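> In order, the protein sequence lines correspond to chains A and B. When we follow numbering that gives the first Met the number 0, the leftmost residue of the first sequence carries the number 0, and every step to the right adds one. When we follow numbering that gives the first Met the number 0, the leftmost residue of the second sequence carries the number 0, and every step to the right adds one.
Just so you know, these hints were derived from the structure itself, not from any lab. For clarity, every value in this text was computed on a predicted model and none was experimentally measured. Even glycine gets a Cβ: it sits at the ideal position worked out from N, Cα and C. Warning: the hint list may mix true and false statements.
Unchecked claim - Now the in silico label distances, taken between C-beta atoms and shown as ranges:
1. A/Thr366 / B/Asp333: 25 to 31 Å
2. B/Glu433 / A/Tyr334: 40 to 46 Å
3. B/Glu433 / A/Lys18: 55 to 61 Å
4. B/Asp219 / A/Gln371: 42 to 48 Å
5. A/Lys18 / B/Glu376: 39 to 45 Å
6. A/Leu365 / B/Thr150: 30 to 36 Å
7. A/His154 / B/Thr150: 53 to 59 Å
There are 2 protein chains.
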Amino acid sequence: MKVVKFGGSSVANAQQINKVLDIFNSDKERRIMIVSAPGKRHPEDTKTTDLILQLYEKVIEPSDYQQQFERVIERYADIINHLKMKTSLLEDFTRTLHQYIQEFKQHHPRLLDALLSCGEDFNAQLIAAYNTSCGVPTRYISPMEAGIRVTDQPHNAQILETAYAQLFKLRDYEEKLIIPGFFGISEQNHIVTFPRGVSDITGAIVARGVEADLYENFTDVSGIYRANPAVVHAPEIIDEITYGEMRELSYAGFSVFHDEALQPLYKHRIPVVIKNTNCPEDPGTRIVHDRDIDTRTVVSGISCDKHFTVLHIKKYLMNRQVGFARKILGILEDYDISFDHMPSGIDSVSIIMRSDQIKHCENEVLTTIRNQCDVDELSIDHDLAILMVVGEGMHRIVGTANQITTALAQANINLKMINQGASELSMMFGLDLEDSDKAVQVIYDQVYVHEI
Amino acid sequence: MKVVKFGGSSVANAQQINKVLDIFNSDKERRIMIVSAPGKRHPEDTKTTDLILQLYEKVIEPSDYQQQFERVIERYADIINHLKMKTSLLEDFTRTLHQYIQEFKQHHPRLLDALLSCGEDFNAQLIAAYNTSCGVPTRYISPMEAGIRVTDQPHNAQILETAYAQLFKLRDYEEKLIIPGFFGISEQNHIVTFPRGVSDITGAIVARGVEADLYENFTDVSGIYRANPAVVHAPEIIDEITYGEMRELSYAGFSVFHDEALQPLYKHRIPVVIKNTNCPEDPGTRIVHDRDIDTRTVVSGISCDKHFTVLHIKKYLMNRQVGFARKILGILEDYDISFDHMPSGIDSVSIIMRSDQIKHCENEVLTTIRNQCDVDELSIDHDLAILMVVGEGMHRIVGTANQITTALAQANINLKMINQGASELSMMFGLDLEDSDKAVQVIYDQVYVHEI
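This is chain A alone, in the form it adopts within the complex:
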């Protein structure tokens, strides 16, 4: 069986919902659908989730929220009208919103999670009712009924391992099932939203729970590009990529499929395919455990993310001092900073982190390191871009590193850092911000256009 998930733009209006149901109904293996809240219908539109945030702001101000309330309901009214459905569902939706506002108006974090859940929840109810009315027996299943049990901290749901056994029972239904994405229910029976990745994570959890043969993730692109199409003209779409490669690419800026959603899948080797709702016949990108590697696809993709900061620390005879690096990392931990890389020389170490990790406490961190660690030199550089060249086969092919450094040298790009080897499937380069787009272009050309 297959679990299919549709993103916000795929379920933004009646026309899109009909496309989505054609896809869902056309394959009897597609037995469970995860839906998002209605997204933008056109570039200037406001997506439902943002309408709900506006409603929430008014409620907690507190201020008159009637107008914001109605704009949320109108989005669903618009869909229901175009689908020519009965309007009784709208009365349910109105009642639910009112109920959440009354119940949680003194508990803002709970209120926010409850209101946000409506975006997906109403859409799931609506689409299930519509599909049934079209003659396909379809059942709406709430996260409570499905058994998507999560931890209780607002906006930070983590699935409980015990949930999976309950989710497996979804296999027993005769009807097709539609489940809203983005939230679960805590053991204290609170609605709690997932921190990132919106509905992707629900799809992944359900796919693992029912032990699906495939998790189909429908979006508005026909797969994952080998490089950012804003940087490289018309890049190729990746046909097949491993979980590990996907994670490395996501890290440095690829955002089509949230890498955290891979976590429930990779241990059980449930493959994912990223497809386009508007071109469902396109093969899309498959995310799998192992892939075949030919010389042309050694490198699966190239990504670059620009928002990194690096701390440089020098201390003579650093490598002889047991515990020095641990002490520095202990200070970062005290400030709740997670770092990404720590390349080192004999007497020096650089610690690379996302700029948002340290921005709010930079001076305190520098002062604490100076006071506690007796360093010879300490400096900070905010303008680092991290370029990742990702490919499972790279390390077995002598000279791949050389092909890439050649392309960069010919383009006169200075490498501030190179880190290769810890991960078997990527090479990391530290670059000046201003070189980053050019670097992606020349490596893309070297690897895919000139042939490696």
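Given the coordinates of chain A, work out where chain B should sit on it, guided by the hints.
Frame of chain A; chain B shown alone:
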């Protein structure tokens, strides 16, 4: 003024001592000499330090040590006879050895330090007396008199910062001074030897103390080779190298001058020259704070050390987990392991250390990491060679990395790791053991023979 230090082979016999004194006396700026214990006179010879160790073993056994005792005295008798000196010094030496054995026979660590100090100490007394008898007023200064005050832990002397002010007073002597290397005196008035680098460290401490203009370190080679002459045929000698470069080269196997001896010098920018006692007119290698860089000398040297072990750790979403790396390093610290590098991927980290750091406790370390850190994969690789390409100018010249990876790729050498950037003056490559000599050769050819 200049401080000069002579290594063991330079003061191994009467003929060498005459050479050394010709050098010392030929330049009136050479006012302080640091001497080593007599080294090997020919390849099959035993150096004095090893004769003393044999004596020590017999004393602590305890067993009859008369024969070992006499062999030590004979080394000095041989020199005294050849120099046609009076033998009264030998009686002093005999008395001193007996006294140390009596005083410390129940305190083995103190006994070892006291006996070892005799190797250098007797030679300094002898050479000072001889030079005076030749008409050059020369004074033996003991480390006690000089003020080489050190910490009290046996075999692990560290100079006390307060010693330098006392050492500065050595400038006041009219005579030439000869000081034995290798040991200092603790504030508890114990003889304590330096842990590494034998007499180099004494020379560096004295040179800093007297604020010398130059520290001349005489050995049996005419300087530092750009690569190991056992690997590369007749490599060039480096004319000038910075402290930082020297340290990086020493780290990975260059052993002409012990890198720890640079520590007292580098902050005060006292230059060092490595020269050959047997060819004192050769210019040698100067170790300085800054050097001029031309395109031919961007890379100052290439070294490779073979005895590294690497721990590979994989954990999904590692980079999101604040404190994960610190936890691993805390475990290493518990086992008193100092690591050298820690290259990382998104979900993986490799920790590189010298094999002798972990050999004795490998299983315990692996078990502790498994038990405490919830890792996905953990493996260990013992066959890692670390190749360092060192040069102050490398990072300012685009394409240096590329020249090197090109040479390695053409030689079909697989790079297990690349780490560039934390140190501004080196690139590190992780290689298979079996590739290490070939790698040094091809990079040497690329950089110095073909011209970079």
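> So, for every hint listed, does it hold in this structure?
Hint check results:
1. Restraint check, A/Thr366 to B/Asp333: a C-beta distance of roughly 29 Å satisfies the suggested window 25 to 31 Å.
2. One distance hint, 40 to 46 Å for the beta-carbon pair B/Glu433 and A/Tyr334, holds here, with the actual separation near 45 Å.
3. Distance hint for B/Glu433 and A/Lys18: a CB-CB separation of about 59 Å, consistent with the stated range 55 to 61 Å.
4. For B/Asp219 and A/Gln371, the Cβ-Cβ distance of about 45 Å falls inside the hinted range of 42 to 48 Å, so the restraint holds.
5. Separation of A/Lys18 from B/Glu376 is about 42 Å and conforms to the stated range, judged on CB atoms against 39 to 45 Å.
6. Here the CB-CB span from A/Leu365 to B/Thr150 is close to 31 Å, well matched to the stated 30 to 36 Å.
7. A hinted range of 53 to 59 Å for the beta carbons of A/His154 and B/Thr150 is consistent with their spacing of about 55 Å.
The structure meets every hint from the earlier list without exception.
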